[in-house]
Each structure stands twice: as structure tokens, then as C-alpha cells.
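Visitor: Take the given structure of chain A and dock chain B to it, following the hints.
Protein chains: 2
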Amino acid sequence: MKTYIECYPCFLKQALSATRRAGGTEEQQLSVLRKTMEILIKLDTGTIPPEIARLVHHAVRKEISSLDPYREAKQMSTGQALALLPDLRRLIDNSPDPMDTAIRLAIAGNIMDLGVMEDFGNLHDTIDRVLEQPFAIDHTTELKRLMETADHLLYLADNTGETVFDRALIERINIPVIYGVKGSPVLNDATEQDAIEAGLQEITTILPNGSDAPGTLLELCSAEFRETFRKAPVVIAKGQGNYESLSDADRKVFCLLQVKCPVIGEDIGAPTGSIICRRSQPC
Amino acid sequence: MKTYIECYPCFLKQALSATRRAGGTEEQQLSVLRKTMEILIKLDTGTIPPEIARLVHHAVRKEISSLDPYREAKQMSTGQALALLPDLRRLIDNSPDPMDTAIRLAIAGNIMDLGVMEDFGNLHDTIDRVLEQPFAIDHTTELKRLMETADHLLYLADNTGETVFDRALIERINIPVIYGVKGSPVLNDATEQDAIEAGLQEITTILPNGSDAPGTLLELCSAEFRETFRKAPVVIAKGQGNYESLSDADRKVFCLLQVKCPVIGEDIGAPTGSIICRRSQPC
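Residue numbers (the numbering used here), protein chains in the order written: chain A, 12 to 294; chain B, 12 to 294.
For reference, chain A alone in the conformation it holds in the complex (with noise of 0.2 Å):
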């Protein structure tokens, strides 16, 4: 997906909420927000988000020495994700179509957000709004078809904590799943230590894509993961990063997420707040 112009206050925000989380002086933010303009004026055409919002989020950890300014808030998420976990599994289970309930499960996770609002709201109202809301973009018939038909799937990670509600859909996937997350901390996006604390090692070959872009730019990933991602027959990619980043890859990609900003949502064409599971579709 390409920057649209609207994108550009949203940056300057972001950088401030990354700076102001992790405890920047005014003075730290008032830098970052210089240097997040700077990288602004200067952007190449056809820079897409989140080439964007690394090099932001890359000025914001370097203005205030932190390597992972989201830390604290990405425990705190992962710790409230776990205590839901049982209830997700109810829910799948006393489901009449499970499948169904714990794909739309993975997308209400999609909200446990930092980039977009400072907070996100009440969790269970997003489960009771996500299970009942119909999808704005239906690609789920294709993806459980394949979901059973291949030999194994890449699932691809957004934030913290939401992990946990991917956790509860992949233990209904019956073939091996290879769980892509960020290779270094970039907003609250999961690491490999994220998705321990998570428990996805215990269902999934754990693989860090060697990149700290909050989305999937393969071209800074890591040679193994872009082989990986090659060579999958089925790739599921979460949250809005992962849309910008791969909306226009080849068919075999599902994203899933919850439509967050009127932006995303022009170029994605569903209003915010929409619920979607869309098969990429090359330009």
C-alpha cells in the first residue's frame, strides 16, 4: 500500500505516543518529532509505511537509548491476553463452527494496537463485536480449504498479546505451523521473546524475520525467512503492517485484520472498524 498524504501528521503523532511511552523529556520529543520531519521531507516516492515508521520508530529508540521503548506495555499485554486464553478456547470450542470463531478470535487480538490509539479499549467488547460483525472482506472459505490442504502454513505476527488470541487459532490448525515475528522490537510488534512469553513455541517453529520494520518489507528480511516465506504454500499476515507491506504480494497471502484508520480503510475499501480476511492481490 502506498503512503497517502493523510499519513503524515499520523507519523508525527506516533513518534511523540513512542517517545512520551518510553519517558522522553520534552525535549527527547520535541528532537524526535525534528527528525521524524526530516525523514519526512525527504522520503523517496513510493515509500510505503512502514519503511516509514522504521525509520521513525529507529529515531525515537536512539533519542532515548532504549532498545524497546514498549516493553513494559507489551508484558502487561501478553499477562492480559494469557488470563483471556481459556476463555478463547471456550468460546472455539462450544462453537458450531470453530474454525470460524477462533479466525474471527485472531482478528478481535488484532486491536491490542499501540500505533494507531494510546490504548485499546475493553477487550471483550472487541470479542463480542468481532464474533457477531460480518466480514467486510469474506476470503475465509479459500483460506480454510487451504488451511487443511498444505503441507504447512507461515503465519506472520503483529502486536503483543494479540499473539496469544493467534495461540488460541493455531492450536485448531492441524499442519505445522512456521510463526514469523519481528527479528528486533519496533512499536509493540512481537519478538521472538514476545511470542515465548505468549507460549507459541509450544505449537509453532518460532522464526524471527531478521527485520525491525513493523510490517514485512522482504527485502530487509533475513535470507532464511525470505525463503521461507517463498517457499510456503499459505501465508497468514496480520494487522495492518502486514497489509501495507503485502497487499500487493502473490495470491497465496491472507490478511487478517481489523480495519483501524480511515486510511487503510480507503485503500482497503471498508470503513474503520471493519473486520477483513483478504486474499492478497498483486498489483
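Worth flagging that the hints you see were computed from the coordinates, not collected in a lab. Note that the structure is predicted; figures quoted are calculated from it, not measured. Mixed in with the good hints, there may be bad ones.
Which copy is meant is left open, so a pair is good if it fits within one copy or across any two.
Listed below are the simulated SDA-like cross-link pairs for lysine to any residue, each with C-alpha atoms no more than 25 Å apart in a straight line [to be verified]:
hint : residue 1 : residue 2
1    : LYS271    : GLU213
2    : LYS263    : ASN133
3    : LYS271    : GLU37
4    : LYS13     : THR36
5    : LYS53     : LYS155
6    : LYS53     : VAL274
7    : LYS13     : MET110
8    : LYS46     : GLY276
Guide: For chain B alone, kept in the frame of chain A given last:
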């Protein structure tokens, strides 16, 4: 009022909104965003919001080669408000406290601000709300006394359309009124032409301030305006831009406004949506 860090993303949004309103192409929008960021990067500490907004709207007008991008929107606002004038007069005439109602209506008109939002919603709803709502800061008793005892009054306009609500208040004031307007167009702020279209020349002496800042930056105003400001025994200053410029001025300045942004709300000590009649307080 100082510029808060939260104002930075907002200046980008305002630059974008103004460029679009004037029919600027995507390329022009991007160019204005870049220029706005160049302004923000170079900012001296202590620069207040109307100084920045002045430079931003300079950049917009230059990029799109338009002296008054809000011309059409302003004419519509004036027409819309003039259609309400008989109702405003009736509300004042039938009120048990006509001056209180007239002050409230002048504050209700402050909603006609195109700097904060893309449109200002339903005017009737705003009028109903502001007529009932308690003041968050209420120095009206002192203002009313001065409006009866002073030998004249300087009234600083804000938005076009709001001018008509000012007119309804000024019709109840029994001392001579000088109506200060912008020297040349910026945002949808009222200029002499806009004030004349709202009929203010019938009941006031209209005085352009010689500046195009969206507020009242005395150092940029004409010598005549500065002298008028200095000599005025009472000054009414409408809206957020004038609050940002004159909140620390001497005690004769009464800011009448609706709080339309959380940053001003924090500075003034009242939440968004509040109505304010506040005597300025020198630092």
C-alpha cells in the same frame, strides 16, 4: 499561549486541509506539507501558535497562487449566519437576561471555525447547547459592567460567519464599538470585506489590524491598530487564535470562545466543548 508539542501534527493537518479546500493537487498538497515541516523544524522556542499558523497559511497561499483560499467557504458562512440573524435577535429580545443571551450567542458563533474542523456541524444544535451550558470560566459580570461604563470598546473578530453573531451582540451594546478584523486573508478569519458582507459597518467602525496572522500579534499589526488597542478601555477578543495571542495580555482583554481543541483546553483549564468568558491574566 505557548506552542505545545501536540500542535505539530495539527499544523500538518491544517496545511493539508487548507490546500485541499483551495483545490490543490496532490503534488501541491505534498509541497505544502514539506514547507510546513521546514517551518516547524526551524522554529524558535517561544514561537506561539498564531505565528506558526501565519507562516503555514502563507505557504499554502503561495503554493496554490490564491490570495484567499477560503473565499467561497467564507461567503457561504456569512450567508448561513445572516439567515439566522432574525432568530438570534428574537432569542435576545425574548430573554430574561438579553445581554447574557447575546454574549452566549456570540460564543455559539465561534463554532464557525474552519481551522480546527473541516466543517462546523449544525448551528442550531450549537446555539441550543451554548444557551443552556454553564460557563467554564465566567468573567461576564465584570465584562457587562465595563460595557456600560467604558466610553468605547474594541472588539476583535475571529471567523467569518461568526461576525453575524458578533453583530447580534454588538446591537445590544450602548457604547461605540471598533470592530478589529484581519488586515488580509488567513484561514476563514474575517477581513474588512467579510465584515462588511455581514453588515458590521452599520453598527461599528471596522478597523483592519494590518496583519494576516490568525490571531492578534500586536508586533505585526499596524501602528494605528496598536494605538487603538493601547487606548481601548475594554477589549473583547473572540476565539482560539486571539486567546493564543492575548491570554497573557493586560487585564482589559476578555476572551470569548468555545474550547475546540484539547491543547487549548489544557492551557485554559477547561475541557473541549467548554464556553469561556475569561479576562486575560498577565504572566
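Visitor: Look at each hint and say if it fits the structure.
Guide: To see whether the hints hold, each was checked on the structure:
no. : hint            : result
1   : LYS271 - GLU213 : neither (30 Å within a copy, 51 Å between copies)
2   : LYS263 - ASN133 : neither (33 Å within a copy, 48 Å between copies)
3   : LYS271 - GLU37  : between (28 Å within a copy, 24 Å between copies)
4   : LYS13 - THR36   : between (33 Å within a copy, 17 Å between copies)
5   : LYS53 - LYS155  : neither (43 Å within a copy, 54 Å between copies)
6   : LYS53 - VAL274  : within (22 Å within a copy, 29 Å between copies)
7   : LYS13 - MET110  : neither (32 Å within a copy, 55 Å between copies)
8   : LYS46 - GLY276  : neither (28 Å within a copy, 28 Å between copies)
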